[in-house]
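> So you can see what is in the structure, the chains are spelled out below.
There are 2 protein chains.
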Amino acid sequence: MNSELLTQATACKKASAELMNITTDVKNRALEAMAQSLEDNADYIMRQNAIDMDNAKAKGITGALLDRLELNEKRIKDMAVGLRQIKDLPDPIGEVLSMWKRPNGLQIGKKRVPLGVVGIIYEARPNVTVDAIGLCLKTGNAVILRGGSEAINSNKAIVDVLTAKAYEEGIPQGSIQLIRDTSREIATQMMKLNDYIDVLIPRGGAGLIKSVVENATVPVIETGVGNCHVYIDEDCDMDMALEIVTNAKVNRPGVCNAAETLLVHKAIASKFLPPIAQRLRDHGVELRGCGETAAIIPDIIPATEDDWSAEYLDLIIAIKVVDGIQDAIDHINRYGSGHSEAIVTNSYSHSREFLDKVDAATVYVNASTRFTDGFEFGFGAEIGISTQKLHARGPMGLNELTTTKYIVLGNGQIR
Amino acid sequence: MNSELLTQATACKKASAELMNITTDVKNRALEAMAQSLEDNADYIMRQNAIDMDNAKAKGITGALLDRLELNEKRIKDMAVGLRQIKDLPDPIGEVLSMWKRPNGLQIGKKRVPLGVVGIIYEARPNVTVDAIGLCLKTGNAVILRGGSEAINSNKAIVDVLTAKAYEEGIPQGSIQLIRDTSREIATQMMKLNDYIDVLIPRGGAGLIKSVVENATVPVIETGVGNCHVYIDEDCDMDMALEIVTNAKVNRPGVCNAAETLLVHKAIASKFLPPIAQRLRDHGVELRGCGETAAIIPDIIPATEDDWSAEYLDLIIAIKVVDGIQDAIDHINRYGSGHSEAIVTNSYSHSREFLDKVDAATVYVNASTRFTDGFEFGFGAEIGISTQKLHARGPMGLNELTTTKYIVLGNGQIR
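First to last, the sequence lines map onto chains A and B.
Residue numbering for the first sequence follows this note's numbering, beginning at 3 and increasing consecutively.
Residue numbering for the second sequence follows this note's numbering, beginning at 3 and increasing consecutively.
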């Protein structure tokens, strides 16, 4: 076991015991001071980020990866705004969700409390550092961060700037820890710190998440992979269907709630496929179709078995003609990642069937899959989107960063 | 991958899709028929159990292990009663926990749904087989059971008797699977069936649970290890304290909510320790004490560091004199397993401090730790007691065998 990691984990767990009971006032004052400090130290953070950017370019990193790494004044301002938004949200800690009395007089209450120590493993996105610290602090959780190696100088600068203010405002020393050794061994060691970390949340691509699920012994909340479908039912509003499919695919193709496969009822395929193909192509989308689709759109790229499972995160869509709603549901439950699934229909019974039978975190009738998002759901924050079934499913806000504790008030009861 | 295991897992997942939407009426009729069938086939089950008992005795198994394996008419009757109790509980599936409308008109509901496929890994206790099948069926979950090898003939008989009736009553074929190969490799393979099993619940001793936590890639709900404490505060009702400590230790020492360590405020140690030592010894309890305890009870066995972490599950108790409430809380948070912790006090502020600062699934004021139990909490059932913080914490009833799904109703919303 790496001794620095162990020192950090020990400090974090110790701080967590105190942080659990810090008042909302102290937490909010700290969040405001941290936001202010980000703005005040923007130049310093950008200088450190420039080192990361230079190193990344020297390593040949380009495109979206490089873009996500970059910090500028606007982005630092946005991070500060994010912290102030978290400050303004209600504090979920301490809420008693239910309380009842047993026949023997025992009063039992279920109370919302912090998880304790949350571990976040993520890629080279400095904004996640700020976001994770803010969300964990608001929910009374100590946090251990392990970000991507390319962002290490940016992360160090951000964490130094934030922790100085947080501790000044009464957040227990040690509550926020950044792992400065970004080697793979340290990450693997972190995933097995069951005595120190209560929950691990990986945030990033499929590879990162798979590695955490396979290596961690600490309980994990799996987030993110989205192979989402839109199914166009026989009886539907065709204009609505065109709008929803287009929006679900092209509005922001690189995010997990974007649609990857379009399923179309065979009875309307010949009527619906030509206009949707046209629209999607107008937006630069590459189409890959099944045999029946190709019979209607002859110049389409043939879809292979791999296309049904693919999370493109790009301007590509797979299209399949299905025999009916059961066929659509079977396809979704077989190939989907359990993220977001939509039906466009005018049929009451089909809407119910789809809602009941599709096994996913979020199931839509007559709306775009793009709404699967903590902010769009009204949570005011988002730590990720869970595609597993334990603890949290779908968009996770502040509540999902908490657990419960039973408090039992007696006057001498024994069994 | 073992092909029989894969066949069973595939069948189970397939059945699960249908089982998720089976009505309460069908589930309840099946539970009643299964209860009746257990009674009707008691002789057959006992004959198969006799084979297990003979094999176990030949292997030198004795005592509590052998006792848990044994089935007799009374125990089979009790299992049938258990199924009927589950039948009589309200069905949690389909409940909409909350529903709200967004400014754009989207209506978002959070609905309780089955987990899907639940894997149960347990020891040689045939009653767990019945219990797990009943609880999973009521919550619409398909179940894969892997019980201890010593109970294999009993488990086969029980599963055959139950599934025949369940399927006759409309439960989808394949919903209930018993793994008949009880080798360790098959159990390890089962723990990695992420594509087929949604949740694993280990039920048994610390060794079994540790092995599942370390080997599983399927999400696990950790249950059971209980190193529980009773802390006797300076200002308390001495008679109540004597009753609670005695009950928490001797009422059923072999279960996880029994107390293992007694903490006593130094200001009342000389007054409280002699009578409690006398009482516990009268009940045959072996006492192990810290130095300060030994100064008051001279013939006590000295406690070692290991005693503070021990889950004795036996008539043994460790005793420590503490400097005050903070010292007690620190000791509990350091050595406890996060199960059940109790304070006996007359102090309002100390009761609040204990409830807030002790990090455990269930925290008691002036009551015995023995109440941490699904039935005592009023859940009407129990699948185990979670000592982790994800998904479920404390006694788990039917609700803890469910997850949620967001259903979103729109009329053409796009982003």
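It should be emphasised that the hints constitute simulated quantities derived from the structure, not laboratory data.
Computed from a predicted model, the values in this text were never measured in an experiment.
Even glycine gets a Cβ: it sits at the ideal position worked out from N, Cα and C.
Keep in mind that the hints are not guaranteed to be accurate.
Unchecked claim - Which bits of chain A does chain B cover? Going by a derived footprint, with three or more residues having C-beta under 8 angstroms, they are:
id	stretch
1	156 to 167
2	292 to 305
Claimed, not checked - Once the Cα atoms are required to be at most 30 angstroms apart in a straight line, the calculated DSBU-like pairs of lysine-lysine come out as:
id	chain 1	residue 1	chain 2	residue 2
3	B	LYS15	A	LYS268
4	B	LYS59	B	LYS194
5	B	LYS359	A	LYS194
6	A	LYS103	A	LYS79
7	B	LYS112	A	LYS113
8	A	LYS16	B	LYS212
9	A	LYS273	A	LYS359
10	B	LYS16	B	LYS158
11	B	LYS15	A	LYS212
> Taking 30 angstroms as the top limit, are the C-alpha atoms of B/LYS16 and B/LYS158 close enough?
OK: B/LYS16 and B/LYS158 at ~22 angstroms, within 30 angstroms.
> Taken at face value, is the distance from the CA of A/LYS268 to the CA of B/LYS15 at most 30 angstroms?
holds (28 angstroms)
> Hey, B/LYS15 versus A/LYS212, does the alpha-carbon distance stay inside 30 angstroms?
holds (21 angstroms)
> Taking only the CA atoms, is the gap from B/LYS359 to A/LYS194 under or equal to 30 angstroms?
Within the cut-off at roughly 25 angstroms; holds.
> Does B/LYS212 lie within 30 angstroms of A/LYS16 when you go C-alpha to C-alpha?
The hint holds at about 24 angstroms.
> Within a Cα-Cα threshold of 30 angstroms, do B/LYS112 and A/LYS113 meet the stated pairing?
Answer holds: B/LYS112 to A/LYS113 is near 20 angstroms, not above 30 angstroms.
> Mind checking the alpha carbons of A/LYS103 and A/LYS79 for me, to see if they're no more than 30 angstroms apart?
violated (50 angstroms)
> Does A/LYS273 pair with A/LYS359 here, judged by a C-alpha cut-off of 30 angstroms?
holds (27 angstroms)
> Per the coverage rule (Cβ-Cβ under 8 angstroms, at least three residues), is the stretch 292 to 305 of chain A covered by chain B?
Per the Cβ count (0), the hint is violated.
> Given the hinted pair B/LYS59 and B/LYS194, is their Cα-Cα distance within 30 angstroms?
violated (33 angstroms)
> Apply the coverage criterion to the stretch 156 to 167 of chain A and chain B: a residue qualifies when its Cβ sits closer than 8 angstroms to a Cβ of the chain, and three qualifying residues are needed.
violated (count 0)
Taken one by one, the earlier hints fail for this structure at numbers 1, 2, 4, 6, listed in ascending order.
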